[in-house]
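Construct all of the structure, not just a fragment, from the sequences and the given hints.
Residue numbers for the sequence shown follow my numbering, beginning at 273 and rising by one.
None of these hints come from the bench; they were simulated from the model.
Computed from a predicted model, the values in this text were never measured in an experiment.
Warning: the hint list may mix true and false statements.
[Stated by the list, open to error] Derived pair list, reagent style DMTMM-like, types lysine to aspartate or glutamate, alpha-carbon separation capped at 20 Å:
{"no.": "1", "residue 1": "324", "residue 2": "286"}
{"no.": "2", "residue 1": "338", "residue 2": "286"}
{"no.": "3", "residue 1": "282", "residue 2": "321"}
{"no.": "4", "residue 1": "293", "residue 2": "305"}
{"no.": "5", "residue 1": "331", "residue 2": "321"}
{"no.": "6", "residue 1": "311", "residue 2": "290"}
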Amino acid sequence: MAKKEKSQGKTSAENFGELIKAFGNAVGEIFDDPKLKDKAKEFAESATESAKLFGSRFKDEEVKAKFGDVGKAAQDFGKSVADCFKKDDNSK
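Spelled out as structure tokens, the structure:
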């Protein structure tokens, strides 16, 4: 079983599953697609179960680095979306 981390007493696997679920829900709402939300929920549950199985790997340096890359990509994506909204606001 995955070791408990400091994030509100949840395991890394649980946090990972919640991240995937939140992302899927947000995308589903953006596109107003209930089927997409359902698929995101299924994927999050599956990802959480998978993460629990390899939970000990969250400690591996290589895995940490890859999740760092994922975090950077998420930040870049968020900045890109925010910049699009800024451009839209400035054009009004």
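Each hint tested on the structure:
For the hint pairing residue 324 with residue 286, the CA-to-CA distance comes to about 8 Å; that is within 20 Å, so the pair holds. With a CA separation close to 18 Å, the supplied pair residue 338 and residue 286 stays within the 20 Å bound. Between residue 282 and residue 321, the direct Cα distance comes to roughly 14 Å. Compliance with the 20 Å bound is thereby established for this hinted pair. For the hint pairing residue 293 with residue 305, the CA-to-CA distance comes to about 14 Å; that is within 20 Å, so the pair holds.
With a C-alpha separation of about 17 Å, the suggested pairing of residue 331 with residue 321 holds against the 20 Å cut-off. The suggested pairing of residue 311 with residue 290 holds, with an alpha-carbon distance near 14 Å, which does not exceed 20 Å.
Checked against the numbered hints listed earlier, the structure breaks none of them; every hint is satisfied.
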